[in-house]
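The whole structure should be built from the sequences, with the hints applied where relevant.
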Amino acid sequence: MTEKLDEFATYNDSLEEVFENKEQIEVSKFYEKLPKSHALAVQEWLDDKIYYRDANK
198 MTEKLDEFAT
208 YNDSLEEVFE
218 NKEQIEVSKF
228 YEKLPKSHAL
238 AVQEWLDDKI
248 YYRDANK
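The sequence shown begins at 198 in the numbering used here and counts up one residue at a time.
These aren't lab readings, by the way, just hints derived from the structure by calculation. Hints are not guaranteed to be accurate.
Pair by pair, the computed Cβ-Cβ distance ranges are [unchecked claim]: (1) K219 with I247: 37 to 43 Å; (2) A252 with L202: 35 to 41 Å; (3) A252 with D203: 38 to 44 Å; (4) T199 with L243: 28 to 34 Å; (5) K219 with K246: 35 to 41 Å; (6) K226 with D251: 39 to 45 Å; (7) E204 with D244: 35 to 41 Å; (8) K246 with V224: 27 to 33 Å; (9) F227 with I247: 23 to 29 Å; (10) W242 with L202: 15 to 21 Å; (11) S225 with Y248: 34 to 40 Å; (12) D251 with K219: 49 to 55 Å; (13) P232 with A252: 27 to 33 Å; (14) K254 with K230: 37 to 43 Å.
With a straight-line Cα cutoff of 20 Å, these simulated PhoX-like cross-link-like pairs (lysine-lysine) come out [claimed, not checked]: (15) K246 with K226; (16) K201 with K230; (17) K233 with K246.
Positions of the beta carbon are idealized from the N, C-alpha and C atoms, including for glycine.
Next up, the structure:
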């Protein structure tokens, strides 16, 4: 995601030159909508798609 957003980066510090980049906003919104990895892992565990094993036993 960082690499994709870097394509739209501007390196000006002037507030007058700051503008909203529609493409950058769309990329950010796309990644924000994706399910979080920990939520997917917990759901897979609850659905018995993955399991936990104690290596000490």
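Going down the list of hints, with the structure as the test:
Between K219 and I247 the CB atoms are about 39 Å apart, so this pair conforms to the stated range of 37 to 43 Å. About 39 Å separates the C-beta atoms of A252 and L202, a value consistent with the hinted range of 35 to 41 Å. At roughly 40 Å, the beta-carbon separation of A252 and D203 lies within the given 38 to 44 Å, and the hint holds. A hinted range of 28 to 34 Å holds for the C-beta pair T199 and L243, which are about 31 Å apart.
The hinted window of 35 to 41 Å between K219 and K246 holds, with their beta carbons roughly 38 Å apart. Separated by about 41 Å at the C-beta atoms, K226 and D251 satisfy the suggested range of 39 to 45 Å. A hinted range of 35 to 41 Å for the beta carbons of E204 and D244 is consistent with their spacing of about 37 Å. For the pair K246 and V224, the beta carbons lie near 30 Å from each other, so the given range of 27 to 33 Å is met.
F227 and I247 have their C-beta atoms about 26 Å apart, which keeps the hinted 23 to 29 Å range intact. Checked against the hint of 15 to 21 Å, the C-beta distance between W242 and L202 comes to roughly 31 Å, which is inconsistent with it. The given range of 34 to 40 Å is respected by S225 and Y248, whose C-beta atoms sit roughly 35 Å from each other. Hint check: D251 to K219, Cβ distance near 50 Å, so the stated range 49 to 55 Å holds.
Between P232 and A252 the beta carbon distance is about 29 Å. The supplied range of 27 to 33 Å therefore holds. Restraint check, K254 to K230: a C-beta distance of roughly 40 Å satisfies the suggested window 37 to 43 Å. Restraint check: the Cα-Cα separation between K246 and K226 comes to about 29 Å, which exceeds 20 Å; the hinted pair is violated. Taking the CA atoms of K201 and K230, the gap is about 16 Å. The hint holds against a cut of 20 Å.
Restraint check: the Cα-Cα separation between K233 and K246 comes to about 17 Å, which is no more than 20 Å; the hinted pair holds.
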